[in-house]
Structure formats: C-alpha cells, structure tokens
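Colleague: Protein sequence lines, in the order shown, are assigned to chains A and B.
Residue numbers for the first sequence follow this note's numbering, so the first one is 170 and each next one is one higher.
Residue numbers for the second sequence follow this note's numbering, so the first one is 170 and each next one is one higher.
It is worth saying that the hints were derived from the structure and are not from the lab.
Here the structure is a predicted model, which means the values were calculated and not measured.
For glycine and all other residues, C-beta sits at the position ideal for the given N, C-alpha and C.
A few of these clues could be false.
Unchecked claim - Interface residues of chain A toward chain B, partial, derived using beta-carbon atoms under 10 Å:
(1) G285
(2) D307
(3) R320
(4) Q356
(5) L391
(6) V410
(7) L421
As the list claims (entries may be wrong) - Restricting the straight-line Cα-Cα distance to at most 16 Å, the calculated cross-link-like pairs of lysine to aspartate or glutamate (EDC-like) are:
(8) K349(B) x D419(B)
(9) K416(B) x D253(A)
(10) K416(A) x E312(B)
(11) K257(B) x D411(A)
(12) K367(A) x E400(B)
(13) K367(B) x D363(A)
(14) K362(A) x E258(B)
(15) K416(B) x D363(A)
There are 2 protein chains.
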Amino acid sequence: MVNEKLVFVTNDDSYASKGFRAAIEVARRFGKVIAIAPNTVQSGKSQAITIYDMLRLREIEKSEDVEIYSLDGTPVDCVKFALDYFLKERKVDLMISGVNHGSNAATNVLYSGTMGAAIEAAFYNIPSIGLSNLDHSDDADFEASVEYGTRIVRSVLEGNLPRPLCLNVNIPILPVEQIKGIKVCRQTRGFWKDEFYKRTDPHGRDYYWVTGGFDNHEPEALDTDEWALKEGYVAVVPIQVDLTEYKLLDQLNGAL
Amino acid sequence: MVNEKLVFVTNDDSYASKGFRAAIEVARRFGKVIAIAPNTVQSGKSQAITIYDMLRLREIEKSEDVEIYSLDGTPVDCVKFALDYFLKERKVDLMISGVNHGSNAATNVLYSGTMGAAIEAAFYNIPSIGLSNLDHSDDADFEASVEYGTRIVRSVLEGNLPRPLCLNVNIPILPVEQIKGIKVCRQTRGFWKDEFYKRTDPHGRDYYWVTGGFDNHEPEALDTDEWALKEGYVAVVPIQVDLTEYKLLDQLNGAL
Chain A
170 MVNEKLVFVT
180 NDDSYASKGF
190 RAAIEVARRF
200 GKVIAIAPNT
210 VQSGKSQAIT
220 IYDMLRLREI
230 EKSEDVEIYS
240 LDGTPVDCVK
250 FALDYFLKER
260 KVDLMISGVN
270 HGSNAATNVL
280 YSGTMGAAIE
290 AAFYNIPSIG
300 LSNLDHSDDA
310 DFEASVEYGT
320 RIVRSVLEGN
330 LPRPLCLNVN
340 IPILPVEQIK
350 GIKVCRQTRG
360 FWKDEFYKRT
370 DPHGRDYYWV
380 TGGFDNHEPE
390 ALDTDEWALK
400 EGYVAVVPIQ
410 VDLTEYKLLD
420 QLNGAL
Chain B
170 MVNEKLVFVT
180 NDDSYASKGF
190 RAAIEVARRF
200 GKVIAIAPNT
210 VQSGKSQAIT
220 IYDMLRLREI
230 EKSEDVEIYS
240 LDGTPVDCVK
250 FALDYFLKER
260 KVDLMISGVN
270 HGSNAATNVL
280 YSGTMGAAIE
290 AAFYNIPSIG
300 LSNLDHSDDA
310 DFEASVEYGT
320 RIVRSVLEGN
330 LPRPLCLNVN
340 IPILPVEQIK
350 GIKVCRQTRG
360 FWKDEFYKRT
370 DPHGRDYYWV
380 TGGFDNHEPE
390 ALDTDEWALK
400 EGYVAVVPIQ
410 VDLTEYKLLD
420 QLNGAL
C-alpha cells in the first residue's frame, strides 16, 4: 500500500486483552500499527494521568507492520507517551481505542479509560475512535466489533468530517447479521447507582467492594445511545469536551 | 444552629493535605461536616473509579461537629462510598471538593480528581462545589480560598439555582484584598502539551517522567476562566456532563 496510514492503538483492558487484538485487526486493514497499551487492567480509569510516578515501556512484539508495547500507566498516559514522545516526529493518521470489554454508552463515557484515551488523542487533532463491545466477558466475541469498527474507520478516513473528531462507538451483543446498522446518537442521561458490600478479612479488618447498575433517566427517548443499542444498532456518539453549562451562565451571574 | 446543614467534603490531595483542612473550614461554617478523603495523593485521577480492588475505611478524627475518614481509593470512590453507603440514610445538603493545590481551570477539569468528585456528587442531586487554589505548593496560602469558598457556598445555599448544580471554582494566587471579585466564565479551550524525560535506573533500565504545560488556544478571549484568573478574579464555571457534540450529529448521519 503506497498510501498506507499510520494507526495508533491503545485500550484500557491492557495489552493482554482479546479486545485489544480486535482493535489491532481493524487498524491493520488501514496501514501500519503502533500499539501502546497499559501493562495492567485500567478499566474505569477515566482520563486519569500519572503525575507522581515514573512510566516504563516494554516491547511485547514487533514485526514490520505491527509493533506492540506496554506502558506502566493509564490509557491517557499511553496516548501522551505515544503522541508527545514515541511518535512525535511521525504523522499519525488515526487513533483507535479498545475494543473495550463492556459498554461505554451513556454516562459510562465519563469513567471509561477507553474513551479517556480517545478524547486525549483528539486533542492532537488525530481522528480518534473508541470501540466498545457490550459483552464484558474476557472471551467476548469481537466479530461484529471488527466489522463495524472497520466500516466506521473507513467512513472517517474517506469522509470530510471536521477535526477534532472523536467518536464513542458501542456495539451490541448480537451476531453481525442481526445488527440493524449504525445509529448516530446523543449520550443518554442517567447515572450509576452503586452498592457497597462489606466483608471482613481473616485478621478481623473490614473492607468494601463496590458494584452497581446504570440508572437510565430517559428510558423513553428515541435518540439516545442506550435506545439504539437496545434496538440492535451500533451506537455512535460524537464527543466534545467543553463541560460548561452555558444555560446557567446568566443565572449564576446574578446569584454569585 | 437549629437549621445547620450536613456537608460532605472530599478532595484529591489526600486527607493529609492543607487544602483539605481549608475545605473543612469552609464547610464548618454551614453545619456538621463528614469528610472522607483518599488515603493517598490522587491528583490527576479524573473521574476514575476502583472496580477490581477493595476499599478500606480508616477513621482519622471524630468530634461532634467534624468526622474525618480516609478511604483507599479515588476521589470518586469517596463520593460513591459516602453517598451510596456511609451517609445513605441521611440528607446531605452540600458537597465541597478540595481545596485543590493547583489549577483546575480550562481543560484541567477533565483530569482533575477534585472535579471528578464534584461531578459525581452532582449526580446525587447534591449541590457540589469544587474549590481549587492556583498555588500547587504543599504550603499554599488558603485564606482567599476560604473567604471566596464561603461566599460562593452561601450564595448557593441561599439562592434559587437549579439542581443538579456543580461549580468549578478556581482562586488566583493573590492576597484576599487584591482579588477583584467573582467572574462566571466558560471553560477555556486548550490542551496540555507534554514532554517526556527519559532516565536510566542504577540497574540500566529506562524509565520516563512526564511534565508539561497548558497551551491556551484562545488567549484573546474575554469570557474564559483562564482570562478571569489572569485578571485577578475568582473564576466560576458551571459544569455539565453531556459530552455529545450536537453540532456534528447531522453531518455524521450522512457520513456513516
């Protein structure tokens, strides 16, 4: 390929996850792949960065077309290390984060290390695509993720979409042929309602585990990512990072 | 105080930081304080949550008016533990996060553990205020933070602002009397441009440190938090969490 692209890949489930290989498979269809993923599982790490600790890089495997490394840090650390240092002198054409084992739809996007990395890459004006499979099991089937990931990457590379561009793509747990297509959506409103379980260790000291479930605040809406996924579509939400609540500016000005 | 409030306090610099005591001092002016802060420094932890590790709680001090605990987790873990478990049966009137040692203005809000916690608390419909002092030194002067934090909390508790309400408050490095007042602002566009420094350990293995600086993409704008701080104002940005890039929905629909 004369015009082959340089694709940077990372994730939050670590370089050893099955979904990471699926993302590399997608990336490979468009050119050369440099993948730097966290050394350990970094699920739920959001856009966390490592400030007070050092980072180590380790080569996992290297061929002419695919180089894979692990870094002792967060997904965002991997992006910064790649784009500010490791690949600084090269033109990166695309960034793929994932494929995550588990949903990053709705407000999950806020906690997601996968999407934290995708958001970070978009700051470098590189189109970034976060791919997440709703199946969070270690052995999830990534066939539909690879198929739809490829379709979306192709549209992004061949289209005239503006930059920065960051997409949050979630894939339902369905065989490829049963997926109805792609829906462009908005982020569902809701939040994670958690529960804590108290346990006692053999030495008599208490500790806690957290678990929870997503509480959809707008189950009737027909334009959200949660709705699209429930209906059997791949959900795509374009992402921006201005957290300003503009509609409150005037009222706050009078109140403070 | 018959009508005294119940105020929950957390931060990201750990229960041992000077800024945490400043936040408790603000909270104390409005009622009873329950503070649960991370056991270790959690700067830059964004909205990270702990999924695959247990959490331990430790009592730091306890009086009739102020209870302080530490938790082995992130700032968001502290909020979830407090509001889903520890204080579940009680009505929490206000949440204060901070006072952070260092700026959380502009896109810092995305990486900030202080603001991650404040955003999380707002999900519980509790007005939440993240306070950050631009001075990141351990021994920063928090007089202005306490003064302006108190003013803003009073306005929030006495006003008719809608819920959810989450404020990102940043305080310039100036003596109280030189601060010009409060400006309600929008989040400055820009991003952190980082550099990596390579070192070699005594065993011959390489490692990396990251450092960087904020690159303001709109230094001429007169309505941003970076501008307000530079001009000597306390900057207040109201926060929302819908990351959807609405203006791209139509174009994406045609392209995917």
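Colleague: All the hints need checking, so say for each whether the structure fits it.
Modeller: Right, here's what the structure says about each hint:
1. For G285(A), the interface hint holds, the least distance from its beta-carbon to any beta-carbon of chain B being 7 Å, beneath 10 Å.
2. Hint on D307(A) is violated. Least Cβ distance to chain B is approximately 13 Å, over the 10 Å limit.
3. Nearest Cβ of chain B to the Cβ of R320(A): about 8 Å, under the 10 Å cut. The hint holds.
4. For the restraint placing Q356(A) at the interface with chain B, the shortest Cβ-Cβ distance is roughly 5 Å, inside the 10 Å limit, so the hint holds.
5. Against a cut-off of 10 Å between C-beta atoms, the interface hint on L391(A) is violated, since the closest Cβ of chain B lies about 14 Å away.
6. At about 6 Å, the closest approach between the beta carbon of V410(A) and any beta carbon in chain B falls short of 10 Å, and the interface hint on this residue holds.
7. With a cut of 10 Å, the hint placing L421(A) at the interface with chain B holds, because the nearest CB-to-CB distance is about 5 Å.
8. Restraint check for K349(B) and D419(B): not satisfied, since their Cα atoms lie roughly 43 Å apart, outside the 16 Å limit.
9. At most 16 Å may separate the alpha-carbon atoms for a hinted pair to count; K416(B) and D253(A) exceed this at roughly 29 Å.
10. Between K416(A) and E312(B) the CA atoms are separated by roughly 31 Å; this puts the pair beyond 16 Å, and the hint is violated.
11. A threshold of 16 Å between alpha carbons decides the hint, and for K257(B) with D411(A) the separation of about 32 Å lies outside it, so the pair is violated.
12. About 49 Å separates the Cα atoms of K367(A) and E400(B), which puts this hinted pair outside 16 Å; it is violated.
13. The straight-line distance between the Cα atoms of K367(B) and D363(A) is roughly 41 Å, outside the 16 Å bound, and the hint therefore fails.
14. With a CA separation close to 15 Å, the supplied pair K362(A) and E258(B) stays within the 16 Å bound.
15. Proposed proximity of K416(B) and D363(A) is contradicted: the alpha carbons are some 33 Å apart, above 16 Å.
When held up to the earlier numbered hints, the structure conflicts with 2, 5, 8, 9, 10, 11, 12, 13, 15 and fits the remainder.
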